[in-house]
Amino acid sequence: MLEMGKNKPLELGASIFLQEIKELEKYWAFNIETGEHYSLNRTSYWILAQIGESKPLHDISQDFIDTFDVEEEVGVNDFNNIINNFLDEGIIERREENEERKSKI
Amino acid sequence: MNYFEDLNINEEFYFQWHITGKCNLRCSHCYHESYSSDNELGIYDLLHVADKMEETLGKWGKKGTLSITGGEPFVVSDKMLPLLKHIDALKHVHHFDILTNGCYITEDVVDHLKKFNKIRRIQLSLEGSSPEINDAIRGSGSFDKTINAIRLLKENDFQVAVMMTISNFNVSEIEPLIDLLAEERVDTFAAERFIPEGRGLEMQQYLLDKDQLRQVFSGLYERALGQEKPRILLYRPLFALLDDKDPTVGAMCSVGTNALTIMHDGTIYPCRRLPIPIGNALTDSFYEIWYTSELLWNIRKTGNLKGKCSGCDLIPVCRGCRAMAYAVSGDYLAEDPQCWKWGKINH
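Chains as they are written, first to last, in this note's numbering: chain A, 1 to 105; chain B, 1001 to 1347.
Each hint should be verified, as a subset may be incorrect.
Unchecked claim - Straight-line distance between alpha carbons at most 30 angstroms, and here's what the computed BS3-like set of lysine-lysine pairs gives: (1) B:1306 / A:22; (2) B:1306 / A:26; (3) B:1079 / A:22; (4) A:26 / B:1245.
To be verified - What follows is a set of in silico ranges between Cβ atoms, one per label pair, in the way DEER data are often shown: (5) A:68 / B:1307: 35 to 43 angstroms; (6) B:1038 / A:23: 22 to 30 angstroms; (7) A:63 / B:1038: 27 to 35 angstroms.
Calculated directly from the structure, the hints in this document are not laboratory data. By construction, the Cβ of each residue, glycine as well, lies at the ideal position given by its N, Cα and C atoms.
Produce the complete structure using the sequences and hints provided.
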């Protein structure tokens, strides 16, 4: 379960590369190490882009609710579900895990 | 989240693999600048690259198609034949072609090639229907050697393709050449536009203008409709201008959609005719190149295209030839200078 209050900020996986083609409304996350590739919707891509900019998770959650104009409770639930999904897929990692992997490479 | 299927536009992924830069000919329109083949990969590196292709194709769920070429690939038969044997056994490689000038095709070579299950076609090049024009471009004696190679291959039931590079120098030879290829039972014919680069810079005055190209492409389309053999391949950018509803006509430029070119030293180009390095097959993963190359993304984002290609309603099926744009203007995002759409057309 996501614990936003903990001091374990999230970041993109070390091998994850984001890309978008705005005019086609196409958004992707690519893993350049394993070759996995994910098609994203605009919302998911937006969240990943924010994480890629190292913004605090709490701030991203609040901006998410404002940007996409959703009710707070619904927005928080959706946001947490998306984040957990990304964590499961290894698209994002808790920073300490990522630093450990980088040091092994 | 879903695995994406819309970045690679079809089920196939194509590698054009120039395993050597060495060549016995010096064709005047050739895109090669140097034939020295510095840092050419050895057999173990070639096998390693083939295995990387296999892994990548498997991950992407694509049918791999390869063209093995050079330079002249039979100049390095000692490497090419073991490489082909290895490729022949790869699960995700659907078929491969060999692009050759035909000078080294002998009965012994044909016997070797017969052992491969996944060989689809041998492609040779001719620039005209007689030695006069062909040999002026490709060198003395090359016409006879190519015709002999075609006959030997057909006698042994190989599929044979012939490619012609069209310029003002040989444009009048298209129809006679197709007639000759029909007599020789050649299976497919493709006309590739001459692009002034490499050695070809010296004959840039022979570049077709847009009206000439329209007439050439229209003639090919008309001929293709009534032609069984050789089948005339029309899968090239700008053919879609003739009939964008006909799925047998035209094709999106393969850059960033479903193809990569590997050079003799492992350098990867988006297309052989767009010689801008975007990685190395030995040291980089295909994933990294395909997913992160700035050049590939610049071209995929069709909003970046300039001139008449910008906002063109045919972008879903065309996009022009990025290599031609680069060769003529130095900008691979510029309009295709031979596109006749909205231009003055002489019927």
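Quick one: which hint numbers does this structure break? Sort them smallest to largest.
-> Of the numbered hints given earlier, those the structure breaks are 3, 6, 7, listed in rising order.
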